[in-house]
Each structure stands twice: as structure tokens, then as C-alpha cells.
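Asker: With the hints as extra help, turn the sequences into a complete structure.
Residue-level listing of the chains:
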Amino acid sequence: MNRLDYLVLIATILAIPIYGLWRTRGSASLGEYLKGDASIQWGTIGLSVLATQAGPITFLSMPGQAYESGIGFIQNYFGQPLALIVVCAVFVPIYQRLKVYTAYQYLGERFDRKTQLLGAFLFLVQRGIAAGITIYAPAIILSALVGWRLNLTIWLAGGLVIIYTVVGGTKIVSITQRYQMVVILIGMAIAFAVAVYRLSPDLSFGSTLSVAGKMGKLEAVDFSVDPHKRYTFWSGLIGGFFLALSYFGADQSQVQRYLAGGSLKESRLGLLFNAAVKVPMQFFILLLGAIVFMFYQFEKPPVYFNQPAYQRAMESGYAPQLAALQTQFDDVFTQKRAAIRAVSSASSNGSSNERDVAMTKVRELEGQARELRNQTKTILQQAGADPKSKESDYVFITFILQQMPHGLVGLLIAVILCATMSAMAATLNALGSTTAIDFYRPLIRPNASDHHYVVAAKALTAAWGLIAIGVASFASLVENLIEAGNILGSVFYGSILGLFLAAFFIRRVTGSAAFFAALLAQMLVFVLFATTNIGYLWYNFIGCAAVLIVAPVLQQTIFRGTEAHAAG
Amino acid sequence: MNVGDGKPDARSWRKAYGLALSLFTVEVVLLYLFTLRFS
Numbered sequence: 003m004n005r006l007d008y009l010v011l012i013a014t015i016l017a018i019p020i021y022g023l024w025r026t027r028g029s030a031s032l033g034e035y036l037k038g039d040a041s042i043q044w045g046t047i048g049l050s051v052l053a054t055q056a057g058p059i060t061f062l063s064m065p066g067q068a069y070e071s072g073i074g075f076i077q078n079y080f081g082q083p084l085a086l087i088v089v090c091a092v093f094v095p096i097y098q099r100l101k102v103y104t105a106y107q108y109l110g111e112r113f114d115r116k117t118q119l120l121g122a123f124l125f126l127v128q129r130g131i132a133a134g135i136t137i138y139a140p141a142i143i144l145s146a147l148v149g150w151r152l153n154l155t156i157w158l159a160g161g162l163v164i165i166y167t168v169v170g171g172t173k174i175v176s177i178t179q180r181y182q183m184v185v186i187l188i189g190m191a192i193a194f195a196v197a198v199y200r201l202s203p204d205l206s207f208g209s210t211l212s213v214a215g216k217m218g219k220l221e222a223v224d225f226s227v228d229p230h231k232r233y234t235f236w237s238g239l240i241g242g243f244f245l246a247l248s249y250f251g252a253d254q255s256q257v258q259r260y261l262a263g264g265s266l267k268e269s270r271l272g273l274l275f276n277a278a279v280k281v282p283m284q285f286f287i288l289l290l291g292a293i294v295f296m297f298y299q300f301e302k303p304p305v306y307f308n309q310p311a312y313q314r315a316m317e318s319g320y321a322p323q324l325a326a327l328q329t330q331f332d333d334v335f336t337q338k339r340a341a342i343r344a345v346s347s348a349s350s351n352g353s354s355n356e357r358d359v360a361m362t363k364v365r366e367l368e369g370q371a372r373e374l375r376n377q378t379k380t381i382l383q384q385a386g387a388d389p390k391s392k393e394s395d396y397v398f399i400t401f402i403l404q405q406m407p408h409g410l411v412g413l414l415i416a417v418i419l420c421a422t423m424s425a426m427a428a429t430l431n432a433l434g435s436t437t438a439i440d441f442y443r444p445l446i447r448p449n450a451s452d453h454h455y456v457v458a459a460k461a462l463t464a465a466w467g468l469i470a471i472g473v474a475s476f477a478s479l480v481e482n483l484i485e486a487g488n489i490l491g492s493v494f495y496g497s498i499l500g501l502f503l504a505a506f507f508i509r510r511v512t513g514s515a516a517f518f519a520a521l522l523a524q525m526l527v528f529v530l531f532a533t534t535n536i537g538y539l540w541y542n543f544i545g546c547a548a549v550l551i552v553a554p555v556l557q558q559t560i561f562r563g564t565e566a567h568a569a570g
Numbered sequence: 007m008n009v010g011d012g013k014p015d016a017r018s019w020r021k022a023y024g025l026a027l028s029l030f031t032v033e034v035v036l037l038y039l040f041t042l043r044f045s
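Protein sequence lines correspond, in order, to chains A and B. At position 482 of the first sequence (counting the first as 1) the number is 484 in this note's numbering, and the numbers step up by one without a gap. At position 3 of the second sequence (counting the first as 1) the number is 9 in this note's numbering, and the numbers step up by one without a gap.
Quick list of the computed label-pair ranges, beta carbon to beta carbon: (1) A/Ala326 with B/Leu39: 40 to 50 Å; (2) A/Lys101 with B/Leu42: 42 to 52 Å; (3) A/Ser206 with B/Leu42: 13 to 23 Å; (4) A/Gln337 with B/Leu36: 30 to 40 Å; (5) B/Arg17 with A/Val457: 44 to 54 Å; (6) B/Leu39 with A/Pro322: 44 to 54 Å; (7) A/Lys101 with B/Arg17: 23 to 33 Å; (8) B/Leu27 with A/Gln337: 41 to 51 Å; (9) A/Phe286 with B/Arg17: 30 to 40 Å; (10) A/Thr559 with B/Arg20: 31 to 41 Å; (11) B/Arg17 with A/His453: 39 to 49 Å; (12) A/Phe225 with B/Leu27: 13 to 23 Å.
Just so you know, these hints were derived from the structure itself, not from any lab. Just so it is clear, the structure is predicted and the values come from calculations on it, not from any experiment. Just so you know, even glycine gets a beta-carbon here, dropped at the ideal spot from N, CA and C.
Answerer: Structure, rendered in C-alpha cells:
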């Protein structure tokens, strides 16, 4: 990075919060602080919801995911449009009608105080830890590759987010997310164009995609019912539906985004905007990863993208073994590049036989290259230089730093930091609001003024920000951070969603039955998590189903005779 | 569930949901055609 990059980076990440602070200057009522004001329209809500979900992982990890395993991950988003329609039709009208500040207030209205507190508590535990991971994951990668100090990166990015989120509340989060998302979309579109432009002139764009497809990188849809396959149409549609329903319907960091709208119409349009654009957006981000993969078929990639870890191993006495693997890797790369050129010329000559022979050779060499990378990783582990994040997370950032022109490097680092800041702001805003409204107001100061609660919400938001930074400072103790974030969500989301669905659809269930059913469901998920190795996406379904089955049973047995007082 | 929505309003929202669902179907079909073309 040079001065121009730093100028673009600093200007981008500072200008948006400063503008947001100017737009939200002056004091706000409790309603304005927690829910924004009526001027927030569906476009802002839509971008805000999109930015909250995306986070830095989307832009750092997704291209690397496609580089490694192809674009099949897109199927994980197939349940989302359906879930968003259900949220629009069922969840949003109830939240808007009851004029709640948090989703868990609805549980209090429909069931009782203890169920409200349980839902809010599960959310706080899960999101409090996730907020730390949100800031740690990009910080560890940027500090490794750009050379920034890890704790300084965490404190600077985290500190800036805390300041503007505490001062401006929900409105500033929505406003800043809109512009941060615009920067992110422009940055990713430019990165896509540059990646296509930098592809080898030896192959046309169509031929490049054909070869990528034959190397297994472009299988977007797989209708297989094989349960061992990780990404299929069916697992994405069903598992993804439950995950997205929990996330958009019962996670305050999202609920607060769409309740920021002035009306039911604005909230719904913002969510339907997401239903329409999410799958295409993820497709282009994954396709960018496949294009980066094809770029590195002609331009020699590092044998291991996490170069700082590689260098540490080199300096720990493993240089001879790594040099031997590097020589083999270089040889395989040269042969593979020649074989891909042979595929291309056979295709233009119309010789399908020659093309198939060359393609078989390409696949064989790709297998060898993968094996050499695995051997390199094993040596890194032996050297004690094993990194805490996946190697594929370093692919896209390496491409940015090594292949993009100056200025654009600064913009794309700004994209990653904007994504971090927007996701963290939404999370802190939700954590502060939930603690103030679901715990502080009813349990500690029930009859204080609105101004008092605004001050309390600000203090609690700041406190959660400091907790998130604290979690980030100790996050290096956790192996594979990104996976940890996903698992954490799936472990808690199921029982929270179960509570909401029981509230909406099982009218005879009362608070005590729902409360104990959710506790039992959560314990079941903990036991399964500790004793089995089932795919974590299934915890969403299991936790939710357990609440929906156990709650009516408890109602008909232990809590028989207690009256239901449905608010939905 | 949608208390407060008038009937004409509810009808137009159903159309909006139908449109979102149709758009999603088109997206999946296009992705499937992309898969067939390049795999």
C-alpha cells in the first residue's frame, strides 16, 4: 500500500461516519434513538439489511471459497428469499402493530416476562461473542498481510464504530450502512472488472468460463439428494430457510434495521429488495472468486496464500522441505498452464478428442497442485506456524494487494473495513437496545424518563462495544474463527426461532410451556453439539422443531389449565 | 395475522410476494442453465 491507498482508505472510512454524525446531530427521543425516524425509506432499509448480513466475511472469504471449492455455496442462500417473504407477511406486521423496540418485547407481550428475558438473553450471548469475531476476523488477515498491528487495527476500527453508534443510534447506523454498502458494491464491481481485464489474453472470457466449469468451479446448482454433499439445492432451500427465518425474524440486529422504517410498507419493501438482490449479489462475489482462480492458472500463485505463516515456517528450520515443495509446485503450474492452452486451442480447432485429453491432464495436474498445497500446510503445522483462519481467506486479499492498481487497493481495503464497521454497528446498536429495553427498563429502572433510557442505551451500547473488543483481543484462542461464528449462530438460533413460531402459530401455548420448552431445546442442542458431529446448519432446525414439539406437550401435561393470552 | 392491512392492500402485497417468488424462481433457473452451460 502506498500513500494514495492510505488517502483513499482513510477518506472513505472517515467520511461516512462524519457525514452520519452531521445528519443525526441534535438530541433524539427514545423512539428516534432506538428505531430511527419516519424519514428512513425502503432503499436505505434494504441496503442496511444487506450490509448487516454481509459483514467482512462475505467480501474476504466468499471469493476464496469459490477459488477453493467452486460457486456451489450460492445454494446456501436459496432459502433466504422464501424466509424474507414469511418475515414480511407474518413477523413485520406484528412488530409494527405492537410498536416494539426489540423483537423480544413481543415474546413478553405474547407469553410472559421470563420468556422475553430468555429470548433476549440467548440473543445477547450469541451476538456479544459474534461481534468480537466480526471485528477480529478481518483484523487478523489485514494485520498479517498489510503489516498493521493487530490490536491497533481492532481498537481503531472498533473505537470508531463505538463512537458513532453510541452518538447517533439506529438512525446513524442506517445512514452510514447505506453509504458503506454503496462503497462496497462499487468496490466489488470494480474488482470484478479488473479481475476480468487481468485474465490471460490466451483465452476468451467464454473459454475461460468453460475451462473453470470443467475444473469444477462453476457448478451453481446441484439437485443431488446425497446427504454427504455439502452444498445442494435441497440443503440450501430447507436448511437455509430456517437459518434465514431465525436471522431475519428473531435476531434484533436485523429486526432493528427494518423496524427503522416509517411504515409497514417501507419495512416490507426493504426486505423484498433483499429477497430480490441477495442471490445475484452472492453469485457475482463467488464468480469473482472463480475468475481469480482462472487468473492464477496463468499467473503463478503462491503455493500457500497465507505468506506470513509460510515465512514463519521458513524461518523455523523448515526451509529445505518447503523449497522442495515449491519446486514441484512450479513444475506442476507450468505443465498445467500448457495443458489449459492445449484445451483452448483444441476447442478452437473443433477437436473434441484432443480437448478431452488435455482437460483430463488439467484435472490431474490440479489434483497434484492441491496435494502439494496440503503437504505445505502439514509442514506449516509441524513448524507451529499454523494460522487461525482458513488459507482460502487469504486468496482474495492477496489478489487485491498484488494485482490491483494503487488507489484501488486502498478502496478495496476500505470495502473490507466498511463491511466490518457496518456489521459491527448494527450488532452494537441491537445489543445496547436489547439490554436497555428488555433488561434495564423492566428490571432496574421501570419508571424513568425517556431521556434516562436514551442515556442508558448509549452507555450499554458503549459497554457492548468494549466487550466486543475484549472478545476480539482473546479471539486468537479460538480455532477457525469464521466457522466458529457460523456454529455459534446455529447453536442458539433454533430455540429462539422456535419461541417466535410457537408464539405466532400455537395459540394455546402459554409462557411457562414455551419457556421450559426453549430451555430443553437449547440443552438438547448443546448435548448434540458436544456429542455428535452433525452439520451445524441442522441445529437451527432441531432447536426450532424441539420447541414446537415440546411446548404443546408441556402445555397439555404440566401446565394444563393455565390460560393462553395471545397478543399475536 | 395482518391486522391493519386493508383488503386491497393485502391483495397488492400478495402480488408483491408472488413477484418476489417468481423472480427467485427465474434466478434459480438462470443459475441452473449457467451450470449446464459451463459444467
